[in-house]
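Residue numbers (this note's numbering), protein chains in the order written: chain F, 58 to 343; chain C, 4 to 399; chain X, 3 to 331.
In short, the hints are calculated from the structure, not lab data.
Where a beta carbon is used, it is the ideal one built from N, C-alpha and C, also for glycine.
One or more hints might be untrue.
[To be verified] Which chain C residues face chain X? A few, computed with CB under 8 Å, are given here: (1) 42; (2) 43; (3) 78; (4) 84; (5) 94; (6) 98; (7) 114; (8) 166; (9) 178.
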Amino acid sequence: MPPVFGVLFDGLAYGMLLFLLSVGLSVTLGMMNFVNLAHCSFAMLGGYVTVTLMNTLGWPFFATLPAAFVAAAAASVVLERVFFRRFYRASDLEQCLLTIGIVFVSIAAAAYIYGTDQQPLQLPSYLRGSFTFAGLNFAVYRLFLIAIALVITIALVAGIESTRFGAQVRAAVNNQRMARGLGINVDVLFAITFALGSGLAGLGGALAVAMVGLDPSFAFTYLIYVLIVVSVGGLGSIAGSFAAAMVLGISDIAGKYYVPAVGSMLIYLVMIVLLMWRPLGLFGRR
Amino acid sequence: MQRFLNGLAGLALLQALALAGTGSAEAQDTVKIGIILPFSGQFADTGIQLDNGIKLYVKQHGDTVAGKKLEFIRKDTGGVAPDLAKRLAQELVVRDHADILAGFALTPNALAVADISAEAKKFMVVMNAATSIITIKSPYIARTSTTTPQLNQTLGTWAAKHGVKTAYTMVSDYGPGIDAEGAFHLGFKEAGGEIVGSVRFPVANPDFSAFVQRAKDSNPDAIYVWIPGGAQPAAVGKALAERGIDPSKVKVMGQDSLAFESARKSMGDTAIGIITVSDYDSNIDSALNREFVKAYNDEFHRNPDIYSIGGYDGMRLIYEALKKTNGNADGDALIAAAKGMSWQSPRGPITIDPETRDIIQTVHIFQTEKVGDQSLNVEIDKVENVKDPVKERMKH
Amino acid sequence: MSGDTIGAPRDYLQAQIRWRWGEIVFWLATLLPFVLTPSYLVLASQIAISALFALSLDLILGFCGIVSLGHAAYFGVGAYTAGLLSKWGWGEPLSGLVIAALAAGVFGYLTSFIIARFRHLALIMITLGLALLLQEVANSASWLTGGSDGLQGIHTWPIFGRFRFDLFGYTAYSYSLALLFIIFLVARRIIHSPFGLALRGIRENGARMPAIGAATRAHVRTIYTIAATIAGIAGALLAQTTETVSLEVLGFQRSADVLVMLILGGTGRLYGGLVGAAVYMVARDQFSGLNPQYWYFWIGLILIAVVLLLPNGILGGLSLFTRRAKEKP
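Here chain F stands alone, though its shape is the one from the complex (with noise of 0.2 Å):
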């Protein structure tokens, strides 16, 4: 197999990272309009559970995920009842102004507690190294990735499309006033969702660690990918940020690998002609 599939593997595991980070916030955007800019500080928190879990107090890698994800989760929703749910009728420019207020904080807050230098991660042995297969290296933990990030992609498309709750997310994405003039709760709809995506944030950056390392400047780092990835795959929509990740993924190691003198310089490139193309985003709905 020519080494290009290597390549194209590796940036296909890159692209499912950056859709776990993002798929929160483009649901959450899409329903309420919450321009939530700490979203990253999630995804920062999970990676630091992860690690304090494991370094510090022994657990093993699998257990700490799931703690991870609550840890981001239930920061979120303390998060929204004090601070968010007075500002959903705000302006944009106020919700960027408090949640890039909440990234300071957050930023400040990792480098106190844990310094400002990398977290050390040792993977569990199975999850380390690489295997051959047709001639190529293929990493076992972006393998490892891409598995859990297609079970959670499969989870959240089963779960929007074939239960009541995903019916009543969808319908309030839609059309915020009609889903309230239906019944459905919004407020709460949104809590939950909101939880749910920075539980996912905080998974994200917990399986972020051992692939692109973690420090207190990740909040701001990775959210400009996240802005990309959320805006190019349309707000609200589940596929779109599944679609967008891959697509950014891929054509940034692919560019890397055929035209590296165009650098990074190809994912804004991309971007911006998407977004002249489909303002609303490959998968966005007006």
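Put chains C and X on the given structure of chain F with help from the hints.
Quick look at chains C and X alone, frame taken from chain F:
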């Protein structure tokens, strides 16, 4: 209008004189040192480790030198921000009456502050920033860290002389990376090696898979990597392992950040065999270094690194220079005292070059090896009395 | 009766443009640093420059509803143009400023064709993408821009041949403040004109505007070009007064900072950017001095507090307060 502006200029002159007057009255018994570093942002760890080196030296030697009390004023640049760094330096000089400017983790900030050092005639000690031209920008600058070419050209020459015939290079696409690339190519080719390919990756690059595959495609004896510290070294290490680079067949070499402690911990066994060039590692086997590492650990509960040693030796330079001038903190006096100063540091013998005011030191070559259950950088070779090659070439 | 209908809009605009005593106090206060805090003049000049930059963003954001996360692109074009001119031997500040403004304006005009066509999230991300792209290009073209080390060899000649840029910052602050004032007057004129009213119409309900005959896209392009020009002037001022230019002038951090300053001060009030810039930069300077490692924690708390307590920013809160005070019998 003209009269108004004249009046304003007159007012300015009066103010300046007034400030200058109060300045000299204060400076009798204290020497103020302004420390400009990134204490926050993505380079925060560099700033903190450097500051720890400074603090340790002060703790060990007291804060009084030649009868003068030292006062430290710390300012945060937040990262690369030359306009901010310049303003902070200007304020340190004009408002706080700082006598010495120190720190400087990042080149653009150091270059901007050099203007202030030159204009206000203040002794400036660069403790980390590694671009060659920095010392040229002000006649009052001395450096105690290293220069990128000093390390990477030496590595290139060493590699070619130790069995590496072909190399593929990968560097981060910004100032220091491009510097390192040029230096390695020069050293390597001059000693008979052949560069079979090179690539530059974007600075904020999370995934190295594509670049590593390109390297593998050209089948070199060695792959040379230059990346800044942070998350990237571990990511590169993993990419190398995942794409199947076998360290027994292809040597992986680079500058210190590739085998930093945090990188080694994250890479696990894939770090074994990496060759790095550096001016310092906490594992250097000398009595002086072992003492230094122990004292550092007792105080800060972590190992010192290249930034710590830059801060530590920088403070030593300031102390010794002040002793030599009997406490006179005037820029001309201090830089004259600093020139040619030579001492034994935990990293080895170092000298401040009297011509260029840059550092002359031993360049170490390390290999990451498994020692017990840890991976450590073990010194396998060294090159002594290395001057900055870029300024050497400028002389001719 | 017919006389009233023609005169009423004109009278309205005339009333708006009259100088209020608060504004006069504000501008007099900007002269205070010369006498009260002369050792802070360099900070003051950088506040003036940020205020000018925030003003330019207010023109498109506050008055026209265009949210840009990439406004630093024009700031950077202005900065690099001024810097390069100086590096290549022409260090005269005023003519350099004009040329930099032109460069930023042209770039703004060209990009305005893209910008005017989009709204909401797509617009925000496109502006962000353009600025990030420009930064990458600037990094690649390091033979021109000096790359990440920044532009070296900038030396600004004295203004009018007499006023040298000194270490204390007197010339820097006078120069930046004078330009801020002049451009502020221009912006004020633009806003309190029929064109300015049309912009506010576009902000409130862009879809409706063509129904009353307003050329929406052309208006948007015009104000965007003007805003880009002003941002370019701010960038050039920074390059000339600090004699440094590096890639950060184009970066996301700079775009985000100016957005925060503007929202903090209050959008759509012309003075919001100025007040926001002063408050944000002074707060940052003071906190950073007190606590070099964790100052941004306090800044974060301040931002949250402002959003919770002062809707529409500081000026919004102030106007609410004065309105309530006036209502009391």
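To see whether the hints hold, each was checked on the structure:
no.	hint	verdict
1	42	4 Å, holds
2	43	6 Å, holds
3	78	7 Å, holds
4	84	6 Å, holds
5	94	7 Å, holds
6	98	4 Å, holds
7	114	6 Å, holds
8	166	34 Å, violated
9	178	4 Å, holds
Of the numbered hints given earlier, the model fails hint 8 alone.
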